[in-house]
Amino acid sequence: MRGDLLDVKDLKVVFYTYRGIIKALNGVNVWMNHGERLGIIGETGCGKSVTSLAIMNLIEQPGEIVEGDVFFEGQSMQKMSKDEIYKIRGREMSMIFQEPISALNPVMKVGYQVAESVSITNGIPIKDAYPEVFKILEMVGLDAKRTMKLYPHELSGGMAQRVMIAMALVVHPKLLIADEPTSALDVTIQAQIMKLLDELVSEMGNAVILITHDMGVAAEFCDKVAVMYAGNVVEYGDIFEIFDHPLHPYTKGLLMAVPKVGRSEELVGISGSVPDLVNPPSGCRFHPRCPQAMKICEKSLPPLVEVEPNHYVACYLYSQEGEKT
Amino acid sequence: MKIEVVSDTLVEVKSLKKYFPLSRGPFRKPLQVKAVDDVSFKIPRKSIFAIVGESGSGKTTLARTVLRLIEPTAGKILYKDEDLTKMNLKELRKFRKKMQIISQDPYNSLHPRKLVKDIVGEGLKIHFHMSSNEIMDKVKETLERVGLREEHMFRYPHEFSGGQRQRIATARAIVLKPEFLVLDEPTSALDVSVQAIILKMLKELKDSLDLTYLFITHDLAVVDYMADYVAVMYLGQIVEMGTKEEIFNQTSHPYTYLLMNSIPNPDPHLRKKKTIPKGEIPSSVNPPSGCRFHTRCPYAKKICEEKALPFVNLSETHFVRCHFPLSKKM
Numbered sequence: 004m005r006g007d008l009l010d011v012k013d014l015k016v017v018f019y020t021y022r023g024i025i026k027a028l029n030g031v032n033v034w035m036n037h038g039e040r041l042g043i044i045g046e047t048g049c050g051k052s053v054t055s056l057a058i059m060n061l062i063e064q065p066g067e068i069v070e071g072d073v074f075f076e077g078q079s080m081q082k083m084s085k086d087e088i089y090k091i092r093g094r095e096m097s098m099i100f101q102e103p104i105s106a107l108n109p110v111m112k113v114g115y116q117v118a119e120s121v122s123i124t125n126g127i128p129i130k131d132a133y134p135e136v137f138k139i140l141e142m143v144g145l146d147a148k149r150t151m152k153l154y155p156h157e158l159s160g161g162m163a164q165r166v167m168i169a170m171a172l173v174v175h176p177k178l179l180i181a182d183e184p185t186s187a188l189d190v191t192i193q194a195q196i197m198k199l200l201d202e203l204v205s206e207m208g209n210a211v212i213l214i215t216h217d218m219g220v221a222a223e224f225c226d227k228v229a230v231m232y233a234g235n236v237v238e239y240g241d242i243f244e245i246f247d248h249p250l251h252p253y254t255k256g257l258l259m260a261v262p263k264v265g266r267s268e269e270l271v272g273i274s275g276s277v278p279d280l281v282n283p284p285s286g287c288r289f290h291p292r293c294p295q296a297m298k299i300c301e302k303s304l305p306p307l308v309e310v311e312p313n314h315y316v317a318c319y320l321y322s323q324e325g326e327k328t
Numbered sequence: 016m017k018i019e020v021v022s023d024t025l026v027e028v029k030s031l032k033k034y035f036p037l038s039r040g041p042f043r044k045p046l047q048v049k050a051v052d053d054v055s056f057k058i059p060r061k062s063i064f065a066i067v068g069e070s071g072s073g074k075t076t077l078a079r080t081v082l083r084l085i086e087p088t089a090g091k092i093l094y095k096d097e098d099l100t101k102m103n104l105k106e107l108r109k110f111r112k113k114m115q116i117i118s119q120d121p122y123n124s125l126h127p128r129k130l131v132k133d134i135v136g137e138g139l140k141i142h143f144h145m146s147s148n149e150i151m152d153k154v155k156e157t158l159e160r161v162g163l164r165e166e167h168m169f170r171y172p173h174e175f176s177g178g179q180r181q182r183i184a185t186a187r188a189i190v191l192k193p194e195f196l197v198l199d200e201p202t203s204a205l206d207v208s209v210q211a212i213i214l215k216m217l218k219e220l221k222d223s224l225d226l227t228y229l230f231i232t233h234d235l236a237v238v239d240y241m242a243d244y245v246a247v248m249y250l251g252q253i254v255e256m257g258t259k260e261e262i263f264n265q266t267s268h269p270y271t272y273l274l275m276n277s278i279p280n281p282d283p284h285l286r287k288k289k290t291i292p293k294g295e296i297p298s299s300v301n302p303p304s305g306c307r308f309h310t311r312c313p314y315a316k317k318i319c320e321e322k323a324l325p326f327v328n329l330s331e332t333h334f335v336r337c338h339f340p341l342s343k344k345m
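Listed in order, the protein sequences are those of chains A and B.
Read left to right, the first sequence gives residues 4 to 328 (the numbering used here).
Read left to right, the second sequence gives residues 16 to 345 (the numbering used here).
Just to be clear, a hint being listed does not mean it is correct.
[Stated by the list, open to error] Covered by chain A, per the in silico footprint, the following chain B stretches (three or more residues, Cβ under 8 Å):
no.: 1; region: 198 to 212
no.: 2; region: 237 to 243
no.: 3; region: 268 to 280
No lab work stands behind these hints, which were simulated from the structure alone.
Glycine included, each C-beta is placed from N, C-alpha and C at the ideal position.
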């Protein structure tokens, strides 16, 4: 076993649509230990959100996990019954979403929604859950007495995200999945939310998967990072290692494209565009856009291999098969 | 307030205001949303003037009002010393071809049922009364300029990716040989790898076609890459304005400083404790008294609540609207 909390092994997910079969995940490998913070970064359509949904076992029709498995604390989630999954989802792992206002139930007061979450986990009646609700809402920096009585549409984006964080953390999950928690928010509010999340998670010791397209957010929060492209993890490892010495041509390109305050060098983009996953390129899915593509890249998919301690990359530039061609 | 600039001015905005009425039903007096409240600036020819602010700061309203796509409530917009606000629509049309806009969302700003050649060529038909052959040649040339190919002329917008659509929008804007382009968050809907390419293209076009840009964005890192002059907006007002170097190296308004501090830095070695503004941006229906930022400002004193300040000159080009500008203290 590679990670004692979570091990995602060769996960393949497809979606059946009228246009054809979308091969959304093409053998994703990623793993983490208790208390670690993993960032999953990548651009639109790379499969970051599908990965998180698959980890939560939330892939539903027309989607399907066709291959691979997710091991949570060593147990195969594919082999679990529905009841066993219910015991894990929402208790051992919980999730916060990108659009906090639409993730909340619009016709229920905030206090009730958080209380529901408390009552289900602790097995107590909803009316007994309110003291706990009060405590957690104060903890996320809200005026608990007032906020409990509000409906979601009366909250600002920042407040709604705080409520979501409260709901997700009140169950003391072992794993918190945050799917683009701040990308709908302004930078100043984003900074507040990330700071809050950092403080709470440090205190409670949860492991976190942070899904983001923003290298900056990942750089400030995570211990480890997995870079995804078109349904594959192309690079995975320690965040310092990857940001200092990116190996995969896609990671290199991505880091060069990020504008930075005080950075004088020219921006370099990646030419071409993200492939259509109904008909993805053969072999390494990045090869049509890769400046260093070789013959073998078209033919077969490079495996994710450890090239330095704690630094994995899926690219033939760094393996023996690549050198032979 | 006066701004002296070395080069000549293409567009000057003088105490521009745009209030939107907010109806509260038939028996109550309507309120006003002060989206843009007394904004003045000058855009020197061939420069990139960036306006940066968070959502609700009024930057998009300002961009549209400058082109008179929205009628201003008060104020003047001078384009080469001619006042756009005084013109009737017929007179305005002559100026329309000199001023173009590229908007934020490339998915909604292109007509879904028109071919690319018609989208790009329509302005030529309207403003220059060209024949269809001339239009075709011109469209082809312009598409090549923005990195598209001839065969793209006969496709519909849905066949393109976000980055390519933004290229089409750019082609539509530059085909009329404008002098002034308003770019309203042109890359905020795009991924970073594509954003980098589009920003670079816009910069090159500006140099080769001698354009002047009004660049609206919420991203200070993009401002640093693109701009010559920067104005920071908060709740309908400009709080600080100056050359890029002044804004980034001698940051004076606490809001500008905190905004810069809030940007996540894509370098894990530079993690630091941050000072960030407390609370959230207040409503522009009923903005705070005095300095509008005082409710969130960590340095606010009593006077900030009571008295708003006009602009203070820090240098010939650097202005700040604050009782206690930071760069003076340091």
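For each hint, the structure was consulted:
Taking a C-beta to C-beta cut-off of 8 Å, the region 198 to 212 of chain B contributes 7 residues in contact with chain A, enough for the three needed, and the coverage statement holds. With 3 residues having a beta carbon nearer than 8 Å to a beta carbon of chain A, the region 237 to 243 of chain B meets the requirement of three or more and the stated coverage holds. With 8 residues carrying a beta carbon less than 8 Å from a beta carbon of chain A, the region 268 to 280 of chain B meets the three-residue requirement, and the given coverage holds.
Against the hints set out earlier in the document, no violation occurs for any number.
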